[in-house]
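**Student:** Residue numbers (our numbering), protein chains in the order written: chain G, 1 to 272; chain H, 1 to 99; chain X, 1 to 645.
Honestly, the hints are just simulated from the structure, not real lab data. Where is the CB? At the ideal position from N, CA and C, for every residue including glycine. Keep in mind that a hint or two might mislead.
[Claimed, not checked] Restraint ranges, calculated between C-beta atoms of paired labels, are given here:
(1) Leu110(G) x Leu584(X): 58 to 66 Å
(2) Leu32(G) x Ala604(X): 47 to 55 Å
(3) Gly632(X) x Glu159(G): 31 to 39 Å
(4) Val28(G) x Met629(X): 20 to 28 Å
One letter stands for each residue in the lines below.
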Amino acid sequence: MTHVLAAGTNTDSIAVESVFWILAVLSVLAALAMILVPRAVHCALMLAVVMLCLATMYAMQGAPFLAFVQIIVYTGAVLMLFLFVLMLIGISSSDSIVETIKGQRLAAGLVSIGLLILLILGIGHAAIGPDTLSKTAAGTDNLSGIATLIFTTYVFPFEVTGALLITAAVGAMVLAHRERATPRPTQRELAARRVASGHLAPDPPPGVYALHDSADRPALLPDGTTSELSVSSALSPRDPAGEPRFVPADETLEITAESGEWEPAPSGRADS
Amino acid sequence: MTPVHYVALSVILFVIGGVGVLVRRNAIVVFMCIELMLNACNLAFVAFASMHGNLDGQVIAFFVMVVAAAEVVVGLAILMAIYRARRSASVDDANLLKW
Amino acid sequence: MTTVTASAGHALATTVTTVPATGVLKASWLLLAFPLFGALVLLVGGRRTDRWGHLLGVLMPIASFVYGVIIFFTLLGDAHRSQDQHIYNFIQVGGLQVSQGVLIDQLSISFVLLITGVGSLIHIYSIGYMAHDSDRRRFFGYLNLFIAAMLLLVVSDNYLGLYVGWEGVGLASYLLIGFWQFKPTAAVAAKKAFIVNRVGDFGLTLAIFLMFAEFGTLQFPGVFGSVKAGGSGVATALGLLLLLGACGKSAQVPLQSWLLDAMEGPTPVSALIHAATMVTAGVYLLVRSNPILADSPTARLGITVVGAVTLLWGAIIGCAKDDIKKALAGSTMSQIGYMTLGAGLGPAGYVFAIAHLLAHGFFKAGLFLGAGSVMHGMDDEVNMRKYGGLARVMPVTFATFGLGYLAIIGIPPFSGFYTKDGIIEAAWDKGGTSGAILATCALIGAGLTAFYMTRVMLMTWFGKRRWAEKAHPHESPGVMTWPMILLAVGSVGAGAFLIVGQRFENFLGPVTGVPPASHGFFTVPGGIALVLALAGIGLAWVMYGRVPVPAVAPRGNPAVAAARKDLYGDTFNESVLMRPGQWLTRLSVYFDNRGVDGLVNSLAALVGGTSGRVRRLQTGFVRSYALSMFFGAAVLVALLLAVRL
Numbered sequence: 001m002t003h004v005l006a007a008g009t010n011t012d013s014i015a016v017e018s019v020f021w022i023l024a025v026l027s028v029l030a031a032l033a034m035i036l037v038p039r040a041v042h043c044a045l046m047l048a049v050v051m052l053c054l055a056t057m058y059a060m061q062g063a064p065f066l067a068f069v070q071i072i073v074y075t076g077a078v079l080m081l082f083l084f085v086l087m088l089i090g091i092s093s094s095d096s097i098v099e100t101i102k103g104q105r106l107a108a109g110l111v112s113i114g115l116l117i118l119l120i121l122g123i124g125h126a127a128i129g130p131d132t133l134s135k136t137a138a139g140t141d142n143l144s145g146i147a148t149l150i151f152t153t154y155v156f157p158f159e160v161t162g163a164l165l166i167t168a169a170v171g172a173m174v175l176a177h178r179e180r181a182t183p184r185p186t187q188r189e190l191a192a193r194r195v196a197s198g199h200l201a202p203d204p205p206p207g208v209y210a211l212h213d214s215a216d217r218p219a220l221l222p223d224g225t226t227s228e229l230s231v232s233s234a235l236s237p238r239d240p241a242g243e244p245r246f247v248p249a250d251e252t253l254e255i256t257a258e259s260g261e262w263e264p265a266p267s268g269r270a271d272s
Numbered sequence: 001m002t003p004v005h006y007v008a009l010s011v012i013l014f015v016i017g018g019v020g021v022l023v024r025r026n027a028i029v030v031f032m033c034i035e036l037m038l039n040a041c042n043l044a045f046v047a048f049a050s051m052h053g054n055l056d057g058q059v060i061a062f063f064v065m066v067v068a069a070a071e072v073v074v075g076l077a078i079l080m081a082i083y084r085a086r087r088s089a090s091v092d093d094a095n096l097l098k099w
Numbered sequence: 001m002t003t004v005t006a007s008a009g010h011a012l013a014t015t016v017t018t019v020p021a022t023g024v025l026k027a028s029w030l031l032l033a034f035p036l037f038g039a040l041v042l043l044v045g046g047r048r049t050d051r052w053g054h055l056l057g058v059l060m061p062i063a064s065f066v067y068g069v070i071i072f073f074t075l076l077g078d079a080h081r082s083q084d085q086h087i088y089n090f091i092q093v094g095g096l097q098v099s100q101g102v103l104i105d106q107l108s109i110s111f112v113l114l115i116t117g118v119g120s121l122i123h124i125y126s127i128g129y130m131a132h133d134s135d136r137r138r139f140f141g142y143l144n145l146f147i148a149a150m151l152l153l154v155v156s157d158n159y160l161g162l163y164v165g166w167e168g169v170g171l172a173s174y175l176l177i178g179f180w181q182f183k184p185t186a187a188v189a190a191k192k193a194f195i196v197n198r199v200g201d202f203g204l205t206l207a208i209f210l211m212f213a214e215f216g217t218l219q220f221p222g223v224f225g226s227v228k229a230g231g232s233g234v235a236t237a238l239g240l241l242l243l244l245g246a247c248g249k250s251a252q253v254p255l256q257s258w259l260l261d262a263m264e265g266p267t268p269v270s271a272l273i274h275a276a277t278m279v280t281a282g283v284y285l286l287v288r289s290n291p292i293l294a295d296s297p298t299a300r301l302g303i304t305v306v307g308a309v310t311l312l313w314g315a316i317i318g319c320a321k322d323d324i325k326k327a328l329a330g331s332t333m334s335q336i337g338y339m340t341l342g343a344g345l346g347p348a349g350y351v352f353a354i355a356h357l358l359a360h361g362f363f364k365a366g367l368f369l370g371a372g373s374v375m376h377g378m379d380d381e382v383n384m385r386k387y388g389g390l391a392r393v394m395p396v397t398f399a400t401f402g403l404g405y406l407a408i409i410g411i412p413p414f415s416g417f418y419t420k421d422g423i424i425e426a427a428w429d430k431g432g433t434s435g436a437i438l439a440t441c442a443l444i445g446a447g448l449t450a451f452y453m454t455r456v457m458l459m460t461w462f463g464k465r466r467w468a469e470k471a472h473p474h475e476s477p478g479v480m481t482w483p484m485i486l487l488a489v490g491s492v493g494a495g496a497f498l499i500v501g502q503r504f505e506n507f508l509g510p511v512t513g514v515p516p517a518s519h520g521f522f523t524v525p526g527g528i529a530l531v532l533a534l535a536g537i538g539l540a541w542v543m544y545g546r547v548p549v550p551a552v553a554p555r556g557n558p559a560v561a562a563a564r565k566d567l568y569g570d571t572f573n574e575s576v577l578m579r580p581g582q583w584l585t586r587l588s589v590y591f592d593n594r595g596v597d598g599l600v601n602s603l604a605a606l607v608g609g610t611s612g613r614v615r616r617l618q619t620g621f622v623r624s625y626a627l628s629m630f631f632g633a634a635v636l637v638a639l640l641l642a643v644r645l
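Take the sequences, apply the hints, and build the full model.
**Tutor:** Next comes the structure, spelled out in structure tokens:
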């Protein structure tokens, strides 16, 4: 495991080392966070962090094509697909911390530590040589090299992977398809249902008649109470009770000259 | 950095991903941990490619990505179908095949 | 053509040459075929043959008898008195060659005439005795089967054929004792007879094995020719084993316990099988094997001891029995003891043993048929305390019974006097301590015989009538009385006919050897025997004739109690043999249930329990399965590393 500088690698080894260590620590922390945070969306975001770190590492190792594919395809497409599905089904569910299977956490921890030790031992004894990127043929860049390999040596797996993709797409369509048990309700039927439910008007949008128009601010009903229907169930409504509100003149407080404390104003008008 | 460091990092990420699969109950999070494991493998492949000096490792990593994408698509579609049927995305709820 | 030399060292050394049969004797297999055919038709034919079954059943032994008489007279006129008609090769396997044939010589023809003659008379008697029984046809089937097996026993020319006949008569005995299957006592008695016989059969089986092992053949000429070369050890072993076999079949001590129970069967069965013929098969075996016994003084001594013990044993039991059939059974046991004693005395005794056997066949069968006639008249009552004064009511039966009685107790000039005295004199002539003891036993036996037989006579035929309320005794019909009359003729004259003028000695001598000296009519032992017999008669008259017979048996002294319990023979068998056997089986069952079954069941329980526990692994949780997969992967990596490092 000697550090040998070869031509073609990044000559600025201090920079490379520091970047590696930063990225390594970051990715490990993100991975740990991913498995520990309770909310699923946070997990997805942590995974995105890990993927981006890995993309950078690919680039550092002389695989730029792979780095971009990682960002574009993996992080950009696959992870976003995860988030879409999360939105559809998992956004409001958060795992409870309590473990239902007895001894699962302990066993998982022990087994993983064991595996970690074994694998570290393994790579410790493996003859992993230094970077030899110089061995790539002169005159070819990474992309051409990969292209050549894909379409010559690995053309058969390539074709098979293509077939796999088509199958996966078709499979996803089949699985996501919902067979309608009843005929699609017409506009007339929808309207009739609406009238029958008694809830004719649309839900109030958030923040109506309120001082603030953020999505998590509940609307105020005519009698001053908040309307729960106005806030999306994914958000938690903010309690408006502690917020500053419009104060009538006779209730305003101002600092008097004498005490320096806030006291009810002698006159009614509030300061702007 | 020598490839050893990258492989060691890949090992750590792989194990963390494995623990995540065992510990988390939300199906989608479990899936994401599996993706983490695949990514760790990709890192190892690329490290070995740079070690050997040819691009075979990178090509394999590329194929892994493609297959992982296809797998995610189908897996999430299945998850959606299960959710629709059972209204729950927890892996522990699918426990009928037991003693 | 083979030669058998009668044993040297005794009086006679004649040679007997067995030639292949000629002329009339070529069809001697007919002797067996007739009764076998009868048995087959009656037993296989079933209820269809019920109406005429008894007639066929009677005809077959008569046919055999007629043929036997023809053979007998042919034999008398022939120079060759030992002829063998080969039937077929029974076994031909390398080392063992057994060919089955019919051996007609003086010994076997005597038995043939006895079996078929007395047998036919008893068959005729059974027509009347079993007239009211719905299973009469089956009875005749079994009787014919018995006759066939017994004939096979006595005419076989090899030990294996003899054994087949031996077993056959055992089977027939079982079937006939347990004829009235619905009676539990009969079924138990049949089983007991069969099992005790089996013990004896074991002895005969071992003897046959030994013969094959030592001599390589089972044919009579082969065995008798080789026995000298075998040495006295082999001869002694053979002799003792044959004695064991004879004890079983002839109800000698120690295998005597079944005979009294065998009286559960119908009376014709008791008469034919357990008096005249089957129980004498043991004596036949010993006499036929005389060349073997000639080489073994030990075996002969054993035989005489057994005979002496049994003749006293049977006599003592017979004194205390109130059941007429059981009293006669005790008498049978005792008389066969005499025959066995005679057979153990060597050539001096063989002739008298067989002569007594033939005479005994007549008078004992006659006595049993008479008892059956009494039972028939008294509504199947067997307790002699319920008899009394029957002489006037059943005169013919009384007469035949009385003649049989005189014959058995040895009053001259009736049969028993000649034959039994011959045995007593042979014992006396043996000399030495053993001779004296044996002769004393025989004489005491003679006295006891007179005592108990007189007791039976007095209790049954004389004295006051002690009948039950509904009893109306009557004489039996002709079909029953004529056989008794014919047998009475035999009882009277058979002994004299055989013994006087050494007629039987000369006839049988070539087969068995001849007694060294012949005595006149009156000898010292004979005189003592007569005196003791008269003393026995007198004592019985004092105890039972002068004094009225109590209706209920009085307690009596310990000797009487012992005699009533068959001298504790059954008790001994039960405590020494049966109970340990039962404990052994119970122990085995216990071990089988707990041990073997426990092992198997615990194995099954182990599997079941383990699976019950192991199946808990299937929790249904994906994460548990994922954990096990992860763990497996870790193990694999460890193994890979372990191999490489």
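**Student:** Determine for every hint whether it applies to the structure shown.
**Tutor:** Hint check results:
1. Leu110(G) x Leu584(X): 58 to 66 Å: The hint (58 to 66 Å, Cβ to Cβ) holds, given that Leu110(G) and Leu584(X) are roughly 60 Å apart.
2. Leu32(G) x Ala604(X): 47 to 55 Å: holds, 51 Å
3. Gly632(X) x Glu159(G): 31 to 39 Å: The hinted range 31 to 39 Å holds for Gly632(X) and Glu159(G), with Cβ atoms some 33 Å apart.
4. Val28(G) x Met629(X): 20 to 28 Å: Given range 20 to 28 Å: holds, Cβ gap about 24 Å.
In this structure, none of the earlier numbered hints is contradicted; all agree with it.
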